[in-house]
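Given chain A's structure and the hints, the job is docking chain B onto it.
Protein chains in written order, with my numbering: chain A, 378 to 456; chain B, 19 to 375.
Think of the hints as simulated: they come from the structure by calculation, not from any bench. Heads up, a few of these hints could be off.
[Said to hold, decoys possible] Heads up, simulated SDA-like pairs for lysine to any residue below, C-alpha to C-alpha not over 25 Å straight-line:
no., chain 1, residue 1, chain 2, residue 2
1, B, Lys-236, A, Arg-411
2, A, Lys-393, B, Leu-292
3, A, Lys-393, B, Lys-374
4, B, Lys-374, B, Leu-292
All of these numbers come straight from a predicted model, not from anything done at the bench.
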Amino acid sequence: MPDRIRLKAFGMLAEKIGADSLEIENPGSSEVLRLQLLQQFPALQSLTFRMAVDRKLIQAETDISAGQEIALLPPFSGG
Amino acid sequence: MIVNRFERQVILPGFGFDGQAKLKQASVLVIGAGGLGCPVLLYLAAAGIGRIAVVDGDVISQSNLNRQVLYGEKDLGKNKAETAIRYFQEKYSDIQWTAIPEFITVENAQAFIFHYDLVIDGSDNFPTRYLVNDACVLLKKPLVYGSIYQHEGQVSVFNVGSHPCNYRDVFPNPPAPQEIPNCAETGVLGVLPGIIGNLMALEAIKVLSGLGKPLSNKLLLFNSLDTQFQELEINPNPTSQSAIPSSWNDFHQRDYALACEGVQQLTWNEAMKLMGQEVAFVDVREPGEEPPLECTGLVKVPFSTLSNELDRFEEAEEILFFCQSGARSQKAAQLLQQTYPDKRIFSIRGGINALKS
Chain A
378 MPDRIRLKAF
388 GMLAEKIGAD
398 SLEIENPGSS
408 EVLRLQLLQQ
418 FPALQSLTFR
428 MAVDRKLIQA
438 ETDISAGQEI
448 ALLPPFSGG
Chain B
19 MIVNRFERQV
29 ILPGFGFDGQ
39 AKLKQASVLV
49 IGAGGLGCPV
59 LLYLAAAGIG
69 RIAVVDGDVI
79 SQSNLNRQVL
89 YGEKDLGKNK
99 AETAIRYFQE
109 KYSDIQWTAI
119 PEFITVENAQ
129 AFIFHYDLVI
139 DGSDNFPTRY
149 LVNDACVLLK
159 KPLVYGSIYQ
169 HEGQVSVFNV
179 GSHPCNYRDV
189 FPNPPAPQEI
199 PNCAETGVLG
209 VLPGIIGNLM
219 ALEAIKVLSG
229 LGKPLSNKLL
239 LFNSLDTQFQ
249 ELEINPNPTS
259 QSAIPSSWND
269 FHQRDYALAC
279 EGVQQLTWNE
289 AMKLMGQEVA
299 FVDVREPGEE
309 PPLECTGLVK
319 VPFSTLSNEL
329 DRFEEAEEIL
339 FFCQSGARSQ
349 KAAQLLQQTY
359 PDKRIFSIRG
369 GINALKS
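Just chain A, same shape as in the assembly (with noise of 0.2 Å):
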């Protein structure tokens, strides 16, 4: 099975990134991922944004392994 991951983007993510849920191949942690989508993406360079791996939120760069899902959450304030 090849190493990959399923990434999901809310909000304003989903726009700038063009899709909201992509498979990509595995770039193995957190913050490798995070400078990965920063350059591919340079839109996402000036917006917050929160990681959760398997649906917790990380606080601190995380190991990624093949198969998980990887959440790219932005804050909201509507209402």
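Just chain B now, kept in the frame of chain A:
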């Protein structure tokens, strides 16, 4: 058994007379009577919460009516908190209602929140959300959070449970100014805040009655386009603790609007003191907005044309913007500050509406 308006919920296993009595004894402060606040209020009131207060300094406008379902055409221009309360006082006489027709601020937050068992954040901007979050952390008050963006919503319950989380555990600091557009710029189908507001009312009822498991340490995400729910686990985050004011004194010193929007806000009283000096006083309302304001030194630059007229402000050192509610003037101030980083630029909080009240 006496049949009353709560019969269908007291017969529910796990809720019962005990759950109903808890709701009757409970008090809730709802911040914002807009797209989220309207459905929250409808269902909290129907469920029989004993005491409900509504804080909102905003007035009803035509563009609110697709989602703010408590209001109709005859309510345009009226204060939201007062209009909502009038509607409910006629509907349910067994609830104690309080209308607070003001915006929540660092000055009044402690006094407002202190008297209630649970707070609902149905506001529509980051300064208010961070302010309400921090005040609820300081008071250890359960806070039901909900917010929306286009076709998505987020819901959570803060300050509840043995390892309680708050909004800063999810997003320790506000996003940069202008990073996230609001409903006015991105649009919203009324049914989305209806769904998110109902989820918020449900969470409040669960926390207050002890029914089920509230969304504490969880952030619920909803996407209305594909009707998907997803739940993320959240945990206390050490970096968030340092971002929260350490005391009320610290809280009172914070300028949430400046931190979130990069704009310094003034009250009318503070603004009046600056007038007459070398300060440009700018009305960014569109022609025809009521009431017109005339005074010496007043400049009228409608927000819709402001970006083409930025060079008109080249000479001014201090610039004071105002509009109808304080929203557009804030954006105007942001826009101008980007062009002229060295000028002192202010927005008047609450705009003409605040002057009227």
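Unmet hints by their number, sorted upward, for this structure: Result: hints 2, 3 break, sorted rising.
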